[in-house]
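Novice: These protein sequence lines map, in sequence, to chains A and B. Counted the way the working numbering counts, the first sequence spans residues 1 to 299. Counted the way the working numbering counts, the second sequence spans residues 1 to 677.
Keep in mind that the hints were calculated from the coordinates and are not lab data. Wrong hints could be hidden among the right ones.
Sample of chain A residues with no beta-carbon within 12 Å of chain B, all distances over it, derived [unchecked claim]:
| id | residue |
| --- | --- |
| 1 | V70 |
| 2 | S220 |
| 3 | P241 |
| 4 | R261 |
Where chain A lies over chain B, by a calculated footprint (3+ residues, C-beta under 8 Å) [said to hold, decoys possible]:
| id | region |
| --- | --- |
| 5 | 64-76 |
| 6 | 379-387 |
| 7 | 650-660 |
Just so you know, even glycine gets a beta-carbon here, dropped at the ideal spot from N, CA and C.
The lines below spell out each chain.
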Amino acid sequence: MPRARPSRPAVVTRIALLVGVWLLLTASTQAAAAPRIAAANWSSAETLIALGIVPYAVADIANYRKWVRVPAIPTETIDMGLRNQPNLELLAQRPPDLLLTSALFVRDSARLARLMPVEIVDNFYTGKDYFAGTCAMTRHIGQLVGREAAAEALITRTEAQLAAAANALADSPRPVYVVQFSDAQHVRVFGAGGMVGTLFERTPLINAWQGPTNGWGFASVPITRLAEHPEARIVVIKPYPRNVAAELADNRVWQLLPAVRAGRVSEIEPVWTFGGLSSLSRLTHELVAALHPAAPEQP
Amino acid sequence: MSKPSLQRPPPHRALLRRSPLGLVAAMAALAAVLGYLTLASQFGDLAGHWWQAAVAPDDVDIRQVVLHYTFLPRLCVALLSGAALALAGCLMQQVLRNPLASPATLGVASGAQLALVIATLWGPSWLLAGREWIALGGGLLATLVVLSLSWRRRLAPMVVVLSGMVVSLYISALNSALLLFHQESLAGLFIWGSGSLSQNNWEDTRFLLARLLIALGLAFILLRPLALLDLEEEGAKSLGISLRNLRIAGLGLGIFITACVVSAVGLIGFVGLAAPAIARLAGARTLGQRLGWSMAIGALLLLLTDLVVQQLSPLTASLLPTGAMTAALGAPLLLWLLPRLKLAGTRPQPSAGLTLPQHADPHRRLWLLGLLAVVAVVLALGFGFSLDAQGAHPAWMGWDQLDLVIDWRLPRVVTAAAAGLLLAAAGTLLQRMTGNPMASPEVLGISAGVAIGVIALMLLPLGIAPLSGGVTGFAGAVAALLLLVACNRRSGFVPERLLLTGIAITALLDALRAIVLSSNDPRAQELLAWLGGSTYYASLTSASVIAVVALTLFAITLPLSRWLTLLPLGAPTARALGVDVDRSRLVLLALVALLTVAATLVVGPLSFIGLLAPHMARLMGLHRARHQLLGAGLLGIVVMVLADWLGRNLFFPYQLPAGLIAALIGGMYFMWGLRKI
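With the hints as constraints, model all of the structure from the sequences given.
Specialist: The structure is reproduced here in structure tokens:
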């Protein structure tokens, strides 16, 4: 395979090109031309847009629109394929100035670095808890794209919103299950270690689910386990998987759950529970809206 | 109920005295103990009210509701499903005269799942009519395809099982492709797909009970004629039995009952394979005995598994699907059973095998295939999507973009070609060595061993630097190989036993895969892509390494054509002609393992090519060992390179794994070819 090895000049050219791109990137923080940033991970895409950057490319835009929703992806952003396998043929033809990828896909970053500077930004698997990790990720992205002030503002805004939520939820003594249905018999119940866990930490709200959770802060359990705390409320994060809403009508256990019998179930709009600060902010807003006006004052 | 006059040589006296009663009693006692423990641990607070909760629960006490609507129906559904699957497996094994036949072998289970996935994605309103009917329709449709493929051969057992396995693989490839793009929407189907027995009312119990009773009635009617299948085909024919009608009736019944179970609780495949085998080993002789004892064993097997799952589930954050667990627990059991399984009398008859005319001029065919391979490589390198101001559109690459082609397309094309070559060679060796057209590297379990190693790495915490997929994958392959040798050494590597060992290892991988996928772990997406066989991670270095490995191993294989010509004639003939049968089998086995490890590490364990390419070569009339090896190798290259090209460009910028596309293209051709046999 004589052609299978790149020639020495090609390698030199590539290194020179890489250095050039890097210089261009650092220079562009002063210059007017914004750097072209690609995001393989929805959390970094969401954060970029929240910081006022139009990403050059984002992975799996169709599913982003379904699961993350807000902030919306600008129309000029191109789709670069699946999240864990960004299309390299596409990126190679006009490499972005920077690719933001996630710790999950770190296995490939050495190879990607031949095309463009690659930064691993993640809010999970950082060794910090979710909120600290997400703030650090936001600052990191802010630095990378020269929007430190916007990043600080976003963090301050979220902190303030969490503080306000803590006040609003001060008089809700009932524990809450925050769940998302996977089918009519199973839910993801959220707990320590994720976005929902952060809300339980920073507000007086009590989590009814005290069991183990995985690295993303949820556990997959049958709905019967939602009966372990009969006094609890249930908050369901939409979307329901297709048809589950209808199937729940025939589900005897769901219908006889104390919370369902007493009408203590609320639904909130879809939120990407593995996302960044803007998703956290939406979750906080939705949760307060769902719980606060209805918080029942029973003994 | 026994028919001494119809029995073949009288069984050994010791065997006559053996009965599965002791085993069944022990299993029942264990189930009772475990059931009591589960009840005491989950519903200890209701102690004293258990009976009342079971019979007439107090709706206000949620604990009683849970016991009445989840715990009890779950017990019943486990017993009913286990019995039903055992009945289905027993019927299928009797009809097909093949101890490997099981509901999964006929594609019923994957057909049902595909129908549900399609309905969920594109016709959610159909589900309102009842998901079981859609599953039933899918299962029946898959079976009809299998039957129509084997119709010309009057449903000869081996052709039916072969068609069933191909259709099953084809459907699961389609399933994986859909899941790859819609994982977030289909999380629930993952759970169903891996067989969770969770219940929340008595619907499934009633549903299964009614159908099982009907099926039992029909099975009773069929019992006597089916028992005559124990005779050789000619003997049964001379007794005036319409074999075709009998087989259709027996198979139909098995499919019906399988589809009912699948639609109610999902895929629980292993019980249908294991229960009849255990019953036979434990001493059930006549068909009636085998049916009865299989059902008892199947029911208890599933119940025991489910009780263990219930004991374990509070300890973990992810769901443990019972169907996947039966496979995980069942695989070691099957390995233990293997040396005890009497396969001699049930070996597929070579006379019913596949014989085709040899092509007049194999050399011209080979040159044509070579030309085809060159065309495929040029197309895969040159044609793709180009990005301009308006976006990406399909175009040929210019010479000025040679850098880009070499950097990003060449590694993938080379890797795909090498994998195709490796798998085709491995498949040819296996099929020649075992004289069994169903053999493939996947069946041998080496791919599964590699995959288990890689999954184990993914499940370990991130950041363990010194370990890589290569290391753990290789460890898995070595473990699988050692297991193969350990289980088969004493029997001198009898082909069928070897394949069964491989299937047991593959069952373990399936279990792991299902558990990971249903755990809702976001990394499942990456796993799914790798299992589909993607060349995405190929680099120039890895591609050159794999190309050198592939060419070297292929060059080693070619001089072995003498063994490959003589071994299919059977061990005695080969021995008489001067072949050291045991040694040659061991060498070939080691070579197959090496070929498979190399291929699996780069494109994942979906090695449909290994089953396909040797077959396509034979359908093209390349019969002599050397010709078949070369033809299969070239075909493997063509199919894999085209598959990779399609996968990269069909849904640009989204990419489908090459292995998956290869299975889709290859499966279509294969089914078409199968019709002509």
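Novice: For each hint, tell me whether it holds in the structure or not.
Specialist: Results of checking the hints against the structure:
no. : hint    : verdict
1   : V70     : holds (17 Å)
2   : S220    : violated (5 Å)
3   : P241    : violated (5 Å)
4   : R261    : violated (8 Å)
5   : 64-76   : holds (count 4)
6   : 379-387 : holds (count 4)
7   : 650-660 : holds (count 4)
Hint compliance for this structure: hints 2, 3 and 4 are not met, and every other hint is.
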